[in-house]
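Using the sequences and the accompanying hints, generate a full structural model.
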Amino acid sequence: QSALTQPPSASGSPGQSVTISCTGTSGDVGGYNFVSWYQQYPGKAPKLMIYEVSKRPSGVPDRFSGSKSGNTASLTVSGLQAEDEADYYCSSYAGGNNLVVFGGGTKLTVL
Amino acid sequence: EVQVLESGGGLVQPGGSLRLSCAASGFIFSSYAMGWVRQAPGKGLEWVSGIRGSGDGTYFADSVKGRYTISRDNSRNTLYLEMNSLRAEDTAVYYCARSNGASSWRYFDQWGRGTLVSVSS
Chain C
1 QSALTQPPSA
11 SGSPGQSVTI
21 SCTGTSGDVG
31 GYNFVSWYQQ
41 YPGKAPKLMI
51 YEVSKRPSGV
61 PDRFSGSKSG
71 NTASLTVSGL
81 QAEDEADYYC
91 SSYAGGNNLV
101 VFGGGTKLTV
111 L
Chain B
1 EVQVLESGGG
11 LVQPGGSLRL
21 SCAASGFIFS
31 SYAMGWVRQA
41 PGKGLEWVSG
51 IRGSGDGTYF
61 ADSVKGRYTI
71 SRDNSRNTLY
81 LEMNSLRAED
91 TAVYYCARSN
101 GASSWRYFDQ
111 WGRGTLVSVS
121 S
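First to last, the protein sequences are chains C and B. Residues in the first sequence are numbered from 1 upward in steps of one, following our numbering. Residues in the second sequence are numbered from 1 upward in steps of one, following our numbering.
Just so you know, these hints were derived from the structure itself, not from any lab. Hints are supplied without guarantee of correctness; some may be wrong.
Dumping the calculated DSSO-like pairs for lysine-lysine here, alpha-carbon to alpha-carbon at most 30 Å [unchecked claim]:
1. B:Lys65 - C:Lys47
2. B:Lys43 - C:Lys55
3. C:Lys44 - B:Lys43
4. B:Lys43 - C:Lys107
5. C:Lys107 - C:Lys47
6. B:Lys43 - C:Lys68
Please read all numbers here as calculations on a predicted model, not as lab measurements.
Shown next, in the form of structure tokens:
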């Protein structure tokens, strides 16, 4: 069982917006503004899409945005495109010995 | 260009050992903490271990504590993961990833392609 909880699947039509949630605890998501999101295509390495809750690395489209409220973080993909179909994982700094925790992943389908 | 490239995966029997390597290039290796993240077949990502840029701090997930050792050779720009007492549940693709600072674990901004470790008799 993953430390952070994500819905296993999400979907939307091209052009629509979809939001993926990531629920943790006060010991991880709620305690630090160090939530990150990764995109992974089948058989490929994860790619950083959002860091520190809402910041986008250079080259990531501004259609991707992040937010956090309490112990729940969210990734929103606006103006869905076919290329956005992938698995998305949230992650958070957790301190202590288990420094980093991941969510179980959400498979985003573009209908 | 920033790159990290894993090697050393393979098939090993339960109870066996394996050492993974991760060769880094394109950045000042000692200035970044590094980590290993694994992904079992069809499953999600799991953080395994991390080491500070200077090598003076190491961290492990409870699932591998006491069995895995992480180290780095900053003169060779290489990260290692020594895995002992391997179990079937350790079967996964192991990714090497660069953290965002010398002793910071806010996110991983560079990932390798991964190396597959299969534990089976």
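* **Violated hints - listed by number, lowest first** => none
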